[in-house]
Amino acid sequence: MRRWRSGLGLLPVLFWLSLFLVVPMLIVVVISFMGRDELGNVVFTFQASSYATFFDSLYLGIYWDTIVLSVVTTVLCLLFSYPLAYYIANAGPRMQTWGLALITIPFWINFLIRTYAWVLLLRTQGVVNNLLIQFGWIHEPLQLLYTKGAVLLGMVYTFIPFMVLPIYVALEQMDKRLLEAADDLGATRWKSFWHITLPQTKSGIMTGSVLVYVSTSGMFVVTDILGGAKSAMISNIIQSQFLGARNWPFGAALSVIFVITSLVLIALFNRAMTSRHLAAKEGR
Amino acid sequence: MHTKRKNHPLLGIHSLLVMIFIYVPIGFIIAYSFNSSRLAADWSGFTLDWYVSLFHNRRVMEALGNTLTVAIAATVVSTLLGTLAALSIGKVGRKTKAGMGGLLYLPIIIPDIIMGLSLLVLFTQFHIPLGKLTIIIAHITFCISYVYVIVSTRLAGMGGQLEEAAQDLGANAWQTFRHVTLPQITPGIISGALIAFTMSLDDFMVSFFVSGPSSTTLPIYIYGQVKRGISPEINALCTLLILVSVTLIFLAQFVLNRGKGQKKQSVLPF
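Sequences listed follow chains A and B, in order.
Going by my numbering, the first residue of the first sequence is number 1, and it counts up by one from there.
Going by my numbering, the first residue of the second sequence is number 285, and it counts up by one from there.
Read the hints as simulated data drawn from the structure, not as lab findings.
Keep in mind that a hint or two might mislead.
As the list claims (entries may be wrong) - Covered stretches of chain B, going by a simulated chain A footprint (3 or more residues, C-beta under 8 angstroms): (1) 300-306; (2) 346-356; (3) 362-371.
For each residue, glycine too, the CB sits at the ideal point set by N, CA and C.
Excised from the complex, chain A in its bound form (with noise of 0.2 angstroms):
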């Protein structure tokens, strides 16, 4: 079979993606270990004292937010996306292609759109406020926008086509077999869904979570737009380094420990599944 006659149409690509993707990460990184004058420009010394100002207590406690927030947004769109993405799985041919028409749709509108919608909803003259009001429950506007609350619901709102897309697709491709034989054996729907149907979806549980979690740690819009000046997260920090501050090795030590902080969460939870998946195994 010969269907081109080298790799060397590889090379362009290799040559782009090495020089707009690698060497800029690669610079980042090596700008974190230096220090900066007066005027805020990068200055070629070596040194760790962006990486030391990191364990101040504020940036620290500002990545513990972000890390929960960020694990309460995944946990949210499991629990809603996993129901969702079974019933469309499970639905009819037709009632299938319009669930999975449904759910695409949101994953290619601009989550700013859909960010700035919830102000629309949220704010003192919003919708939710004008019916409570009409409904006679409250008398006076409440204060929904710029708090915690605001915030967890536009990053699960986001998120949600991001964990329902992946674990769709696990449900399709599963071993459907599996399940006749269960049934064979008389194991009851709700057994035959956690001995079978659960463990055989891991990788597009795994594949949502590690979207929705990254997606959402380094989202600083939603914070930005919903958020008050007390729920910023390390992204907003990121952000203002590089684009208000003027901190660029700061912004790139804080760089380095998300992208290297997130990489070990997902390992360790890829572990931690891989290893029920194992027992889950063993035990049938």
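Dock chain B against the given chain A, drawing on the hints supplied.
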């Protein structure tokens, strides 16, 4: 399909509620874009005024021009590079293949904020002024991956029998490519290009870092306005952007699965 589980009614209710949760906020933006009240607090009649004033807003039109320039340039280059990579990856050894595959997935996995700031650092260190060019370069970088994933999935799905047959019949490598491979992957290329265009059109995070004052794109303009509060014009602009993105994605999906006998393929990267 007797292996399908019959859905429990509670599952149906849950799914309906999640769908309502997803669509009601978007529905309000669309509805308010036609509301004649400037405050959008309550409904005071249907109007198209906000759409009209959008087209008379010089800054919006300028941002639209920038957005289209960037999206077209990024689509052309990333489609070429991504397709070339997809065609070539089958020709290299296993290790190179794994390495390149990983590299090509990197832009999808890396958080946008990291990609944006590292490109900002690169451009600044090499004294490249921030503007349309830097946005185009940034967009090409992440669009390549989406084109690559779609075209290579398409290639993997078609098998090699037709190409083998063509070569057995005496076609040379170029003829085989031109008359056998290319027609079969064309839907993948078009679909990939449409996805790349949509990704570029919608991108905010990366553009935010690498755009200059005179190269505002529509998402960056929207961000600036949203930070100031709500406005009916922004509702109209958002509605239009939603309409365009959704249409393009449906088109991409349609083109990809139009042919008979093709394995169904999704435009999503996972």
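Results for each hint:
Residues of the segment 300-306 of chain B lying with their CB closer than 8 angstroms to a CB of chain A number 4, which satisfies the three-residue condition for coverage. Beta-carbon proximity to chain A at under 8 angstroms applies to 0 residues in the segment 346-356 of chain B; the threshold of 3 is not reached and the given coverage is violated. Coverage of a stretch by a chain is defined here by at least three residues with a beta carbon nearer than 8 angstroms to that chain's beta carbons; for the segment 362-371 of chain B and chain A the count is 5, and the condition holds.
Consistency with the previously given hints fails for number 2 only.
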